[in-house]
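Number of protein chains: 2
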Amino acid sequence: MANILKKVSWSSKDDDGGGEVNEATSLVGSRRGSGASVAGKRNSRSRFLSSSGFRTVDLTDGDGISEEILESQEVFTSPRPKEIPHSENLLSQKYESLDYDNCENQLFLEEEHNLGVKRVKFMEAGRWTVCMAIGILTALVACVIDIVIEQLAGLKYKILKQYIDTFTADGGLSVSMVIWAAMNAGIVMVGSILVAFGEPVAAGSGIPQIKCYLNGVKIPHVVRLKTLVVKVLGVICSVAGGLAVGKEGPMIHSGAVIAAGVSQGRSTTLKKDFKVLEYFRRDTEKRDFVSAGAAAGVSAAFGAPVGGVLFSLEEGASFWNQYLTWRIFFASVISTFTLNFVLSWYHNHLGELSYPGLINFGAFESTGIAYYIYEIPLFLIMGVFGGLLGALFNFLNYWLTVLRIRYIHRPAQQVLEAMLVATVTAVVSFTMIYFSNDCQPLGEDKSADYTLQLFCNDGEYNSMATTFFNTPEKSVRSLFHDPPGTYNPVTLGLFCLSYFLVACWTYGLAVSSGVFIPSLLLGAAWGRLFGIFLSYMSKGAWADPGKYALMGAAAQLGGIVRMTLSLTVILVEATGNVSYGLPIMLVLMMAKWVGDFCFEGLYDIHIKLQSVPFMGWEPPATSHSLTASEVMSHPVVCFKRFEQVGRIVDILSDNTANHNGFPVVEEGENVVNVNEQGDADDFGKLRGLMLRSQLIVLLKHKAFMERSDVGEPRHRLTLKDFRDAYPRFPPIQSIHVSEEERECTVDLSSYMNPTPYTVPQEASLHRIFKLFRALGLRHLVVCNGDNRVIGLVTRKDLARYRYHKGGLEEVPLTQT
Amino acid sequence: MANILKKVSWSSKDDDGGGEVNEATSLVGSRRGSGASVAGKRNSRSRFLSSSGFRTVDLTDGDGISEEILESQEVFTSPRPKEIPHSENLLSQKYESLDYDNCENQLFLEEEHNLGVKRVKFMEAGRWTVCMAIGILTALVACVIDIVIEQLAGLKYKILKQYIDTFTADGGLSVSMVIWAAMNAGIVMVGSILVAFGEPVAAGSGIPQIKCYLNGVKIPHVVRLKTLVVKVLGVICSVAGGLAVGKEGPMIHSGAVIAAGVSQGRSTTLKKDFKVLEYFRRDTEKRDFVSAGAAAGVSAAFGAPVGGVLFSLEEGASFWNQYLTWRIFFASVISTFTLNFVLSWYHNHLGELSYPGLINFGAFESTGIAYYIYEIPLFLIMGVFGGLLGALFNFLNYWLTVLRIRYIHRPAQQVLEAMLVATVTAVVSFTMIYFSNDCQPLGEDKSADYTLQLFCNDGEYNSMATTFFNTPEKSVRSLFHDPPGTYNPVTLGLFCLSYFLVACWTYGLAVSSGVFIPSLLLGAAWGRLFGIFLSYMSKGAWADPGKYALMGAAAQLGGIVRMTLSLTVILVEATGNVSYGLPIMLVLMMAKWVGDFCFEGLYDIHIKLQSVPFMGWEPPATSHSLTASEVMSHPVVCFKRFEQVGRIVDILSDNTANHNGFPVVEEGENVVNVNEQGDADDFGKLRGLMLRSQLIVLLKHKAFMERSDVGEPRHRLTLKDFRDAYPRFPPIQSIHVSEEERECTVDLSSYMNPTPYTVPQEASLHRIFKLFRALGLRHLVVCNGDNRVIGLVTRKDLARYRYHKGGLEEVPLTQT
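Chains as they are written, first to last, in my numbering: chain A, 1 to 816; chain B, 1 to 816.
Check each hint, because a few of them may be wrong.
Claimed, not checked - In silico lysine to any residue, SDA-like type, Cα no more than 25 angstroms apart, as pairs:
no., chain 1, residue 1, chain 2, residue 2
1, B, K121, A, V144
2, B, K226, B, F274
3, B, K700, B, E762
4, B, K275, A, L380
5, A, K685, A, D747
6, A, K539, B, K121
7, B, K226, B, I179
8, B, K770, A, E285
9, B, K121, A, K118
10, B, K685, A, T627
11, A, K702, A, N655
12, B, K156, B, I179
13, B, K226, B, L173
14, A, K770, B, I179
15, A, K685, B, S629
16, A, K474, A, V144
17, B, K118, A, N655
18, B, K770, A, D747
19, A, K118, B, G616
20, A, K161, A, V178
21, B, K640, B, D786
22, B, K770, A, N102
23, B, K805, B, F597
24, A, K272, A, S750
25, B, K118, A, V428
Unchecked claim - A short, non-exhaustive set of chain A residues, derived as facing chain B with CB atoms under 7 angstroms:
no., residue
26, V120
27, F329
28, S579
29, S750
30, P754
Claimed, not checked - Label pairs and their in silico Cβ distance ranges:
no., chain 1, residue 1, chain 2, residue 2, range
31, B, F122, A, N89, 50 to 56 angstroms
32, B, I159, A, P377, 42 to 48 angstroms
33, A, E352, B, P441, 46 to 52 angstroms
34, A, E111, B, V120, 35 to 41 angstroms
35, A, G646, B, E110, 46 to 52 angstroms
36, B, P483, A, M537, 40 to 46 angstroms
I should point out that these hints are in silico values taken from the structure, not numbers from a laboratory.
If you're wondering where the values come from, they're calculated on a predicted model, not measured in any experiment.
The beta carbon of each residue, even a glycine, is placed where N, CA and C say it ideally should be.
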């Protein structure tokens with residue numbers, strides 16, 4: 001056990017960012033009283049794997065932990081606490097930011113200057129080619145998932161049907177149940193072990209993680225090859241294991257990983273560098289490709305290329321650029337086309353292109369009138385209901401997640417929980433099948449493949465069993481399209497209730513799982529129920545429950561995930577029918593409004609529970625009253641343009657202040673050391689900004705000059721040196737600097753960003769936020785009227801302020 | 001004639017921006033050699049109304065023209081030149097910028113500070129309400145246009161049919177032709193007079209103008225009530241007059257005007273202030289509503305709410321904000337819903353909601369397979385063809401526009417040209433009808449209403465006549481849906497050729513006209529022809545020419561306007577069929593690529609020909625080598641915090657340097673006057689930024705203090721004073737300042753923006769561009785290392801640099 005735990009335990013050395021640990025420059029307990037008060041709750045010796053797939057980092061695995069922190073944590077000296085406090089009202093210092101603003105240092109400018117027109121065109125062509133590769137690969141992964149799951153499901157059904165047929169005759173149905181439950185639990189166990197012990201970040205749908213990535217937060221391991229492998233195998237297991245999950249959400253994450261991998265022209269995990277696409281090895285370019293990958297994932301999952309683009313934009317991007325959007329669109333189109341081609345081939349319909357996505361809702365009849373105007377109020381009521389039910393779902397899932405963070409944080413526990421859920425799901429299903437006598441005649445027009453006779457007469461099948469045995473995708477389709485009278489209302493009602501609880505319990509398990517399909521299925525079920533009720537009330541005048549099933553599905557999904565624009569398009573593209581576009585929009589809007597009024601969206605909950613410094617779309621409404629000087633972190637550690645190696649090493653090794661950005665100030669002026677708590681007036685005039693990662697590369701390559709050297713350094717680094725180290729820069733501890741070398745000097749002038757963005761100290765939080773968000777910054781230097789550095793604003797300094805009922809709320813920072 | 005000309009002639013006094021004339025602070029002939037060399041071409045005494053609806057401003061109506069400029073223009077002293085040079089390689093100084101960055105001065109911060117949580121919510125509710133109003137009103141305007149055109153077309157058809165029936169028997173068809181041509185010319189004349197003499201900016205589709213507005217360029221009169229009225233009446237006349245135009249493009253402009261009007265809670269034209277929504281009286285808020293209006297316009301025109309949102313984003317916005325997008329989406333949904341409701345009511349189908357947009361392509365059969373994979377190469381070929389044809393269209397239209405700018409710049413000429421085109425269109429149509437003997441049996445399945453028998457046998461009709469007599473919308477529909485064999489290939493080929501030329505001639509006339517429908521019709525015609533050809537080649541195996549008509553329409557439209565994402569969605573929503581989504585995308589992408597390779601998009605051409613300082617999506621590729629100090633305008637006129645009224649008035653009245661932004665610098669330091677050409681070191685330290693408009697309001701309200709006053713000014717202005725003057729600030733000439741008042745001082749500190757964005761002088765053009773574009777700035781102050789002002793970057797300084805084959809190109813500035 002300890003061995004296994006060690007395997008997944010986390011040290012800063014295998015982090016994507018290497019030694020980069022902490023964006024903020026604030027000192028614990030210095031300016032931030034609130035931060036200090038939280039320290040008591042902090043448990044820095046524990047590691048926990050979050051249930052929603054966020055991997056948390058134990059900073060104190062290193063040996064540089066400060067006395068101060070250790071003192072405040074005496075209470076938690078037991079190596080593994082029983083309870084870990086949840087923390088949706090904290091921001092964690094452990095997440096790093098990505099830098100979506102190019103560092104235009106001298107090296108970069110020289111490279112750009114030498115770039116000919118041809119090279120520019122070549123690079124543009126490269127971007128399109130990479131997008132094409134992303135689309136194709138994402139679609140192929142989707143095909144693999146789809147085909148394997150279908151094969152497994154067919155196999156499972158076959159075995160089970162055999163047992164049921166055998167035992168039903170003898171009346172020993174409980175044996176079938178046990179076999180079924182055991183089979184499901186076994187398959188889920190495999191998936192869960194992979195996730196819990198292999199790569200916890202592959203749990204869940206991955207959508208919150210991708211949202212964070214596009215927002216500019218580095219979630220460790222989120223775009224690694226290993227994550228992709230675990231995700232794909234995991235989702236196959238969880239879907240085949242009969243859990244109430246879908247394979248669509250994970251496709252989005254898979255697409256993003258593929259994009260991050262392909263665009264870099266190498267795999268750091270496999271230690272294989274193809275020496276291509278080196279120009280794209282920086283956060284800005286990578287982000288663009290990751291959004292294309294996410295879009296391609298949606299496109300493959302739902303056959304919705306436009307929906308994919310909108311998803312990428314609505315959920316992720318804070319940037320909008322026509323060219324980029326076209327590339328994203330291209331990746332999406334290629335993705336759905338490839339999937340369509342391969343699946344049509346697989347199903348022997350080559351040439352017909354009838355499989356645009358993993359899920360296909362089937363065409364709604366477009367002949368005749370789609371809906372009447374007097375149905376719109378009914379749709380709106382469904383929207384309200386969907387919003388309420390979605391909020392309830394989110395609320396329950398929130399508490400479950402809190403409980404999981406507190407009590408179920410060991411991988412073994414997580415695997416057991418997943419197996420338990422799989423068993424319960426199987427048992428509940430079976431019990432319901434057993435008690436429902438909902439026999440339906442076997443017709444030609446049924447879209448269900450897996451029909452079970454059970455206690456029904458010959459020529460009939462148990463519709464409840466079908467609902468549970470089918471993959472959720474097929475069940476959704478049945479609910480949309482089966483003719484009126486196919487489902488017994490009581491059966492459907494029971495199904496809704498049980499599936500709601502099971503789905504809510506399932507999301508957040510340590511398995512790869514999407515929440516789209518369960519939501520759609522749930523909504524389709526109660527929507528159809530609503531349709532049946534209407535039909536009953538109107539004595540058959542409203543005879544089409546399928547239409548209401550579609551609206552219910554939209555309402556429920558909207559109520560849970562709270563997307564509107566992209567979801568409308570996804571649903572319209574997946575149903576292949578535009579005529580329901582307007583009511584779907586209205587339903588989604590209503591569900592979003594009602595849902596937002598009651599409780600947050602599911603993804604936002606999971607992001608908040610992980611204390612991610614996520615930046616909203618807009619600055620908090622009442623943030624004009626705060627100024628930069630109140631918001632910023634200070635004092636700041638600055639470097640001189642010619643800096644001593646020893647001082648750099650000391651500062652980088654100082655774990656009490658895990659800075660990642662260091663302003664470079666005017667030569668010859670006083671440079672305040674962070675430990676001296678100097679007066680602001682002592683700071684030098686701003687000349688540039690260095691990143692920790694750049695300094696690490698400098699130290700690693702010993703780009704020093706002797707004291708006696710004047711002018712040129714011994715050897716000057718090129719951009720290639722920095723790109724080769726990206727994104728896994730080694731920690732400072734791994735770099736040996738001799739006593740002699742400590743006396744050397746480094747010339748930072750050609751490596752620093754000479755024109756960092758700055759704000760005056762009087763600038764309002766509102767203004768800083770806009771600048772920061774619009775440009776995707778990582779550090780923003782605050783200067784006084786003389787252009788002297790007085791502070792540094794980072795993501796955490798801004799994300800700390802939230803608009804809460806009654807006004808601005810300051811969220812404390814924590815180091816766990 | 002002179003009287004009429006005077007009426008539309010333009011002085012800076014009736015400009016939206018009043019005295020604000022010129023963003024750039026550069027002096028003619030100072031730093032910009034290229035600018036000076038252009039001066040020879042400049043004709044500052046002429047006014048011309050552009051054929052594409054841009055109204056150009058004659059700056060020299062004022063009396064402050066500099067000697068230098070006058071000297072260089074001796075050649076052009078004739079009051080009205082025969083020829084005006086076209087200028088796609090110039091940038092005009094006459095266009096002002098909009099300010100999409102809030103001025104967070106003390107007044108604003110105080111207001112924000114006092115805003116309670118309730119008020120914030122109230123304002124948010126206000127935004128949604130305004131969007132709803134925008135949606136409803138846009139839809140109602142669309143309904144009015146649609147219904148009036150339909151009535152007029154019916155009336156015209158009735159009269160004409162009567163004549164034709166009478167005269168055909170006698171063999172005197174030429175009489176019918178004359179009557180028809182005269183009728184068309186008459187109707188078009190009314191529309192053209194309205195546009196040419198009433199409001200030239202209402203010409204064309206208005207899409208380039210809205211693009212400019214959203215980009216941040218103020219096109220005078222573009223969002224005025226008068227423009228809306230002229231636009232609506234104009235488009236009715238031009239469609240009813242049988243021109244090759246559509247009513248869809250103008251709807252986008254109409255929606256934008258409605259949005260700008262509704263959101264301000266007053267009409268400056270009608271001098272009616274409802275004293276509501278005063279908070280929204282600034283460029284930022286107005287822009288958000290205008291994008292919602294444009295989206296609502298698309299939504300009403302095509303029944304495509306999602307397409308509307310995407311149009312707004314793809315064509316206009318450089319900002320992306322989830323909340324804003326949702327509001328835009330809401331306006332779009334409301335718009336299509338209202339239109340649907342009203343039109344269904346009008347057509348006595350109340351409750352069925354079967355009229356989602358002005359144009360309805362009709363449902364494509366979704367039963368069976370939509371297309372085979374081997375058809376995709378064919379679609380791609382169509383895309384290539386569409387791109388080529390689109391480029392040819394644009395190329396011809398470009399030369400036409402150049403000729404129009406040169407020779408047809410008087411309103412009377414423009415009216416005559418419009419009448420000529422109307423006549424030619426009628427004659428060409430008639431001739432073609434005459435010579436084609438394309439008789440088709442009158443069937444039940446035809447979607448055409450207006451059938452003409454002409455020389456055909458009883459029970460048959462002339463299909464060519466139908467194509468010409470129908471509104472283009474109906475013709476498109478016929479081409480999509482009429483069964484194979486409806487159209488004779490020769491007829492169709494002739495129609496393509498003639499319609500191509502006529503449509504190309506038409507776009508750019510001084511009439512309100514959209515290019516969407518002519519493009520679709522043209523494409524549908526050659527697409528169908530292609531389909532017929534395929535069917536012939538394959539001996540009937542490919543029997544559905546309607547599908548190819550759809551692809552042709554997409555290819556042609558894409559080749560002309562070069563949109564991809566939004567156009568895909570618009571076409572999918574308008575056809576009501578998702579199954580053609582993928583091929584439509586591929587076709588559009590292909591058309592765009594091929595088209596872009598050959599020639600620019602139609603809207604971009606018209607924007608360039610008007611010398612608008614339009615900022616692209618991305619900085620030019622090789623722009624890293626230029627720095628702020630090379631790009632910026634300098635020297636800059638600065639003010640002190642306590643500035644003398646006399647100096648302010650003098651500087652504002654100085655027409656040689658029409659500055660709009662003035663840095664405010666440290667008290668007590670030297671402040672360089674622009675006439676002294678001082679050394680950069682003499683500049684003061686930056687303390688804030690004042691706008692011309694703010695200074696004007698200060699002067700108007702005499703917010704001075706005596707020399708003897710210390711501390712408080714006599715009266716302090718409130719934000720309301722500034723909002724009341726927005727957006728039509730009076731020119732400085734209209735403000736009388738007495739000699740005594742000139743000696744007074746103004747305290748600028750509470751009005752200036754204390755935290756303007758700045759860049760260091762070493763920052764690259766690339767970096768400045770990104771900052772400028774992302775935040776929608778109007779002025780960007782360039783400071784040196786001591787935070788002293790050394791220059792100012794404006795839109796024109798950045799838009800001047802274009803990426804041209806071979807590298808960076810610097811476009812000269814001109815004052816015309």
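Checked hints:
A threshold of 25 angstroms between alpha carbons decides the hint, and for K121/B with V144/A the separation of about 49 angstroms lies outside it, so the pair is violated. Restraint check for K226/B and F274/B: the C-alpha separation of about 19 angstroms stays at or below 25 angstroms, so the hint holds. Between the alpha carbons of K700/B and E762/B the distance comes to roughly 39 angstroms, so the proposed pair goes past 25 angstroms and is violated. Only pairs whose Cα atoms come within 25 angstroms are accepted, and K275/B paired with L380/A is rejected, the gap being roughly 34 angstroms.
Restraint check for K685/A and D747/A: satisfied, since their Cα atoms lie roughly 17 angstroms apart, inside the 25 angstroms limit. Distance restraint check for K539/A and K121/B: the Cα-Cα separation of roughly 44 angstroms exceeds the 25 angstroms cut-off, and the hinted pair is therefore not satisfied. Taking the CA atoms of K226/B and I179/B, the gap is near 32 angstroms; set against the 25 angstroms cutoff, the hint is violated. At most 25 angstroms may separate the alpha-carbon atoms for a hinted pair to count; K770/B and E285/A meet this at roughly 15 angstroms.
Annotation: proposed proximity of K121/B to K118/A is violated, straight-line Cα distance about 53 angstroms (limit 25 angstroms). Taking the CA atoms of K685/B and T627/A, the gap is about 20 angstroms. The hint holds against a cut of 25 angstroms. Proximity of K702/A to N655/A is assessed by CA-CA distance (about 22 angstroms); at most 25 angstroms being required, the pair is judged to hold. Between K156/B and I179/B the alpha-carbon distance is near 11 angstroms, which keeps this suggested pair within the 25 angstroms criterion.
Taking the CA atoms of K226/B and L173/B, the gap is about 41 angstroms. The hint is violated against a cut of 25 angstroms. At most 25 angstroms may separate the alpha-carbon atoms for a hinted pair to count; K770/A and I179/B exceed this at roughly 62 angstroms. Between K685/A and S629/B the CA atoms are separated by roughly 19 angstroms; this keeps the pair inside 25 angstroms, and the hint holds. With a C-alpha separation of about 18 angstroms, the suggested pair K474/A and V144/A falls inside the 25 angstroms cut-off, and the hint holds.
In summary, the hint linking K118/B to N655/A is not supported, as the alpha carbons are separated by about 44 angstroms, beyond the 25 angstroms threshold. Among the hinted pairs, K770/B with D747/A is inconsistent with the structure: their alpha-carbon atoms are about 29 angstroms apart, more than 25 angstroms. For the hint pairing K118/A with G616/B, the CA-to-CA distance comes to about 21 angstroms; that is within 25 angstroms, so the pair holds. Between K161/A and V178/A the alpha-carbon distance is near 13 angstroms, which keeps this suggested pair within the 25 angstroms criterion.
Distance restraint check for K640/B and D786/B: the Cα-Cα separation of roughly 18 angstroms lies within the 25 angstroms cut-off, and the hinted pair is therefore satisfied. Between K770/B and N102/A the alpha-carbon distance is near 11 angstroms, which keeps this suggested pair within the 25 angstroms criterion. Taking the CA atoms of K805/B and F597/B, the gap is about 12 angstroms. The hint holds against a cut of 25 angstroms. Only pairs whose Cα atoms come within 25 angstroms are accepted, and K272/A paired with S750/A is rejected, the gap being roughly 30 angstroms.
Between K118/B and V428/A the CA atoms are separated by roughly 48 angstroms; this puts the pair beyond 25 angstroms, and the hint is violated. The restraint placing V120/A at the interface with chain B holds, with a minimum CB-CB distance near 4 angstroms, inside the 7 angstroms limit. For F329/A, the interface hint holds, since its Cβ comes within 7 angstroms of a Cβ in chain B; the closest pair sits about 5 angstroms apart. With 7 angstroms as the threshold, the beta carbon of S579/A comes within range of chain B, its nearest partner Cβ sitting at about 6 angstroms, so the hint holds.
This hint is violated: S750/A has a C-beta 13 angstroms from the nearest C-beta of chain B, more than the 7 angstroms allowed. A hinted interface residue such as P754/A counts as satisfied when its beta carbon comes closer than 7 angstroms to some beta carbon of chain B; here the least separation is about 5 angstroms, so the hint holds. The given range of 50 to 56 angstroms is broken by F122/B and N89/A, whose C-beta atoms sit roughly 27 angstroms from each other. A hinted range of 42 to 48 angstroms for the beta carbons of I159/B and P377/A is consistent with their spacing of about 45 angstroms.
The hint said 46 to 52 angstroms for the Cβ distance between E352/A and P441/B, and at roughly 34 angstroms that hint is violated. For E111/A and V120/B, the hinted distance range of 35 to 41 angstroms is not satisfied, since their beta carbons lie about 47 angstroms from each other. Remark: the range hint 46 to 52 angstroms for G646/A to E110/B is upheld by a beta-carbon distance near 50 angstroms. Remark: the range hint 40 to 46 angstroms for P483/B to M537/A is upheld by a beta-carbon distance near 43 angstroms.
Comparing the model with each earlier hint shows violations of hints 1, 3, 4, 6, 7, 9, 13, 14, 17, 18, 24, 25, 29, 31, 33 and 34; every other hint is respected.
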